[in-house]
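Assemble the whole structure, with the sequences as input and the hints as a guide.
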Amino acid sequence: MGARPRDDEGVSPVRRQEAAAGDRSPAAVSARYGGAVTATGARGAGAAPARQTLAVLERQLVLFRRVWRGSVFSSLILPVLFLLSMGIGVGGYVGELEGAPYLQWIVPGLLSMTAFEIALVESTYPVMSDFKWTRAYFAISATPVGVAGILQGWLLYLVLRVVLAVAVFLVVAAGFGGLASPWAVVAPLVCTVLTLAVAAPVTAFAAVVDSDSYFALLFRFAMVPSSLFGGVFFPVERLPAAAQAAAQATPLWHAVELNRAATLGIPPAWPVAAHLAYLAVWGGVGCVLAAVAFRRRLYR
Amino acid sequence: MPAKTLCEIVVAVGYGRGVVGEQPLIYAEGLVKRFGDFVAVDGIDFQVRAGEAFGFLGPNGAGKSSTMRMIGCVSRPSGGVLRILGMDPVRQGAQIRARLGVCPQLDTLDQDLTVRENLITYARFFGIPRREARRRADALLEFVRLADRAGGKVEPLSGGMKRRLSIARALVNEPDIVLLDEPTTGLDPQARHLVWERLFQLKRQGTTLVLTTHYMDEAEQLCDRLVVMDGGRIVAEGSPRSLIETYCPAEVLELRFADGTPGEYADKLAGVGERLDPLPDRLLVYTDDGDEALAEVHRRGLIPSATLVRRATLEDVFLHLTGRTLVE
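The listed protein sequences correspond, in order, to chains A and B.
Reminder that position 49 of the first sequence reads as 49 in our numbering, one-by-one numbering, no gaps.
Reminder that position 87 of the second sequence reads as 87 in our numbering, one-by-one numbering, no gaps.
Just so you know, the hints here were simulated from the structure itself, not pulled from any lab data.
One thing to keep in mind: the hints can contain errors.
[Said to hold, decoys possible] Using C-beta positions, here's what the derived DEER-type ranges look like:
1. B:Gln-205 with A:Ala-277: 54 to 64 angstroms
2. A:Ala-148 with B:Arg-135: 25 to 35 angstroms
3. A:Val-288 with B:Gly-80: 29 to 39 angstroms
4. A:Ile-77 with B:Val-81: 58 to 68 angstroms
5. A:Ala-148 with B:Lys-153: 24 to 34 angstroms
6. B:Lys-153 with A:Ala-167: 25 to 35 angstroms
7. B:Pro-129 with A:Val-288: 31 to 41 angstroms
Glycine included, every Cβ here is placed at the ideal spot set by N, Cα and C.
The following block contains the structure:
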């Protein structure tokens, strides 16, 4: 399926300014609609879904080019400050944890936390904004790009954002000797899965709630506790049983386990496939919920 | 494309119903839109032909925007038949949307992007190659007189400029039909005239325009044909001139009185003109000869504080059809 064929009797001023001639009479225009079947067959459905996804991604990247400076501190600098403070500062007192220097032990935690927080925070206000303030999703919904294209492009953008931040962090961590295994190269992949597991349901949430005060609740009661108790700074085994179960229910803990296994070169708490499957459930259910929420909101 | 599928044949048959001769770009029959128990559009029939400017006129809540959203394939009809460019909006929504240009009632521009970037990113949603998108963006910015703002952000633009940018964006895919939902609502008179002028230009070039408005003057200026909507139904249909001729005498005499309600004066003026319409602030006398009617008012010994003889407008048609003025 290709792009829409070029027709010389187009109805826009662009074409018209160039070729002022051309038969534009109602009869000529309507002759193109010789019937339902030819009209359907002749013109195709516009851009293919992959191109629609990329078009949505492209908009996000153009927007990001305008606003990236504002994200440098939280995405790139803050994680490094954590690395210095916790890994080197606190790590100097802690010594070793689970057989690894604390710096090396905490690097995968901080890495996962960075990915987790970018995925979560970026899925709140920007999504609400495109529904409520810029209303850009409504503009896109009037084009051939449907809900699938919007969501795919959006999630792809978040994955790129996260992978960029994670890559920078890995380079810095490597410079401080924070990586013990060459398996660290799979960390961006783990963070990609984590991003989908977090961003998809949060995007659905942001599409449903009508006030941004719900985001404050999300940050306080989901993001901060996950980051504090999800195995980033200390092993979840230190928690009481109930809290431990809660920590293990968060997507963050599963990503921390996978990334820690990768950068330390040790096996994770559960089989790798089990961790991935758990994250995939979050991502899958999140995508379905987001698609339903978007469809309800855009195509009433 | 393969041979006709059963689906397409059914569509073609459905499409043929009630259509004689030249096929309309938009065909609606018994179109209904319900939101729960609320009926926003209550069984309307209309057709839009290629190259015409077609208007939905009515007050807020008349069902205009719901109708436009159904035509724009972002709202599923609750009942009736709707065919756009010969296609079924439920099954072929994306294909139809590829060939529509939509200028929404509320601006949906990307505030953080430049004027030009807004057009280019939007063109990409239609699968238009980047180079072509840039070319069209520049041509359209010329067309809507925004070329000098191309590199500037959207946010500081005036309401009229933003609306013109929305119109340019609606044209970026070279659409077969342009949908404009209240294109000049909220604009000051000068900005409104510039929008009208551009839309008139489009119309002259043969673009099919479908617009909603609650401005009578807008409907009279732009529409070849229009339907008057009220309470989800179509209450009249025709060209602006034919509607006025059908529902109103040629002239209207407006009378204001310093004391007493217009209703009291209506009794005293019984028999003057063809019809009297007392509004809260003034009394309208529908007549073929406004000056003669005014003379009769004076003969009856009444001294209005202000008088105006004017041509009948769609506002008068609407008032006559619904018993209400069009004010929001």
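So, going through the hints one by one against the coordinates:
The given range of 54 to 64 angstroms is respected by B:Gln-205 and A:Ala-277, whose C-beta atoms sit roughly 58 angstroms from each other. The hinted window of 25 to 35 angstroms between A:Ala-148 and B:Arg-135 holds, with their beta carbons roughly 29 angstroms apart. The supplied range of 29 to 39 angstroms is met by A:Val-288 and B:Gly-80, whose beta-carbon atoms lie about 31 angstroms from each other. The hinted range of 58 to 68 angstroms is satisfied by A:Ile-77 and B:Val-81, whose Cβ atoms lie roughly 60 angstroms apart.
In this structure the supplied range 24 to 34 angstroms holds for A:Ala-148 paired with B:Lys-153, their Cβ-Cβ distance being about 30 angstroms. Here the CB-CB span from B:Lys-153 to A:Ala-167 is close to 31 angstroms, well matched to the stated 25 to 35 angstroms. Judged by the Cβ atoms, the range 31 to 41 angstroms given for B:Pro-129 and A:Val-288 holds: they are separated by roughly 33 angstroms.
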